[in-house]
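**Q** The lines below spell out each chain.
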Amino acid sequence: MSSLTPANPLVLTIGDLQGNLRRLRKERFMHVLLFGSAALSIGISILIVFTLFREAWVFLSGLIEQSGLGALIDGGARPGWYPRDGRFDLPTIVLGTIIVSGISVVVAAPLGLGAAIYLSEYAKPRTRSWLKPILEVLAGVPSVVFGFFALRVLGPDLIQPLFGTRTPTSLLVTGVAIGILVTPLMASISEDALGAVPRALREASFGIGARRSTTVVKVVLPAAVSGIVAALIVSVSRAIGETMVAALASGALGQAPRTVNPTDTGLTMTAAMAQLAQGSDQVVGDTLAFQSLFFVGAVLFLMTLALNLVADRIVERVRNQY
Amino acid sequence: MTVEEINVVRPLGLGETSGRRGDEARSVVGGRTGLFTTADLSVYYGSFRAVRNVDLSITEHEITAFIGPSGCGKTTVLRCFNRMNDLIDSARVEGIVAYHGVNLYDPDVNPVEVRRRIGMVFQKPNPFPKSIYDNVAYGPRLSGIKKRNDLDDIVERALRGAALWDEVKDRLKASGLGLSGGQQQRLCIARAVAVEPEVILMDEPCSALDPIATARIEDLMQEMKQRYTIIIVTHNMQQAARVSDRTAFFTTEINEESDRRTGVLVEFDRTETMFSSPTDERTEQYVTGRFG
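For the record, the sequence lines run as chains A and B.
With the numbering used here applied, the first sequence covers 1 to 322.
With the numbering used here applied, the second sequence covers 323 to 614.
Isolated chain A, as found in the complex:
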């Protein structure tokens, strides 16, 4: 007789292998609960996008009825964003946003990347252990604080005397302030990207007699380039979406003429939206001005979406090179 055959064969029923039914029910309940929370957040996002585009459509059809789609690009002598007067010149606020986020990238990219390289490649562990938390605290400062800093200090005390702007607030002030605001974000994501570069690559470079700076430029940065591009795009998205600083420090209140000069006062898309929504006289719920808020929001949404798609493509292409 084989030793595998038990002397007294056991009689098995399905019930014996079913396990504890209460635990089984608990497991299923957890499954449903977690699926529910995932579904809810996705559902809310879809609802937001849906509302955004529905109201944006209401605005567009209203505008077509009133003055035609051409009104979105004012061809007149003094074009501008004057929602109170029913003048919705989109280039005014899109240009404002591009100028501001462009300036903020010029400020944040070198500062943030420099800080990241220092933290990741040069700082001793002890230095990093107190420097990095400070950077993270900086990232957590509410943007309204940056807004007031730009309004009261950066604009009148630094930018105005330095660049000779006519007003203490301008698109330039907003751009620089948002640049400072975004720097910790840029630094943090870039540092993660640099930290992900294998130690072996650095050792290979040092092992041939490369200096630290050469190793950073020739080996670490190229290997981390996809992460750095991602950091840049996230920073740009954040700069485009930043509202409070733009609403406080750009100098325009709810309306502005079209301009391409950063030292002028102006409006970003976000500032235009915020100031429209701030319960002033005409925002009662069904005027075209109120609906324009959703339309601008929808355009903003499409812009950041496009930016993220482009970023994905760039990251993918860079990764495929190696």
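Hints in this document: simulated from the structure, not taken from any laboratory.
No residue lacks a Cβ here, since even glycine has one placed at the ideal position from N, Cα and C.
Don't take every hint at face value.
Claimed, not checked - Pulled a few chain A residues facing chain B out of the computed Cβ check, cut under 7 Å:
| no. | residue |
| --- | --- |
| 1 | Pro125 |
| 2 | Ala200 |
| 3 | Ala204 |
| 4 | Gly207 |
| 5 | Ile208 |
| 6 | Gly209 |
| 7 | Ala210 |
| 8 | Arg211 |
| 9 | Val219 |
| 10 | Ala223 |
With chain A held as given, fit chain B onto it using these hints.
**A** Frame of chain A, contents of chain B only:
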């Protein structure tokens, strides 16, 4: 023997010109001679002493193997020879590593210059995510060689020197990461020899490779020792027996008080002697496979 008794000259060209230049081919430390001579070498990681009081001499144009069980400090000692331990923040080195009579740990010595003369090949093949050509040209470019023709010559010579030329000559622009593991390791050897070092340190260069790739690297080492001095750390005793001229056996000692392990050099001799008639009982146990 204390460090004070050892007469080691200061680095080359740093104001010590009269008869103290370290251009002797050999270092004389405490009566021992060699291309490298260490004296009372200890390495600490923080407060932990990883390896202590190592005295050994490396002969030029030979292959010296470091063997021993895990944690015995053989890699740590190897990395003292081109100051790679400097890259570990907590690491601290005591004692002397004399190279051509110059103490590599003299405060005036620039580790970057050391590493141009003493190259390294690592445990895991670590080519840069660049083309095969750019991998090999990396070192020469650091020294300022920019002319395409010069670089082409160096790259070809280095790849031939690493027995890789015939396999890659038609795809020098392809990524180094597309090669097989063994080819990648030979690419790393080519990258190291492209700067014409005098010494090549190899840290378990075959541990990630299959037996065929390993055999190729071992053959290559035999050719390379005509031109270079090689120090190899290996886990594999057969490999040490096959390739090396001299073998150093390291092991760990447990400190009774702190219960921590410290690496020590047990025995250092010609490889035949080490494997046939070692002096120390621990060496014999290790090479016969009864320990470690």
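**Q** Just to be careful: measuring from the Cβ of Val219/A to every Cβ in chain B, is the smallest value less than 7 Å?
**A** Where the cut-off is 7 Å and the nearest Cβ of chain B is about 6 Å from Val219/A, the hint holds.
**Q** Given Arg211/A as an interface hint, is the shortest Cβ-Cβ distance to chain B below 7 Å?
**A** At about 6 Å, which falls below the 7 Å cut-off, the nearest Cβ of chain B leaves the hint on Arg211/A intact, so it holds.
**Q** Have a go at the Ala204/A hint: is there a Cβ in chain B nearer than 7 Å to its own Cβ?
**A** holds, 5 Å
**Q** Holds or violated: is there a CB of chain B closer than 7 Å to the CB of Gly209/A?
**A** Nearest chain B Cβ about 3 Å off; hint holds.
**Q** Should the hint that Gly207/A touches chain B count as held when the rule is a Cβ pair under 7 Å?
**A** holds, 4 Å
**Q** Given Ile208/A as an interface hint, is the shortest Cβ-Cβ distance to chain B below 7 Å?
**A** This hint holds: Ile208/A lies near chain B, its Cβ roughly 4 Å from the closest one there, short of 7 Å.
**Q** Does Ala210/A pass the interface check with chain B, least Cβ-Cβ distance below 7 Å?
**A** holds, 5 Å
**Q** Are Pro125/A and chain B close enough, Cβ to Cβ, to be under 7 Å, as the hint says?
**A** holds, 6 Å
**Q** Would the hint on Ala200/A stand, with a C-beta cut-off of 7 Å toward chain B?
**A** The hint holds - Ala200/A has a Cβ within 7 Å of chain B, the shortest such distance being about 4 Å.
**Q** Does the interface hint hold: is Ala223/A within less than 7 Å of chain B, judged Cβ to Cβ?
**A** holds, 6 Å
Of the numbered hints stated above, none is contradicted by the structure.
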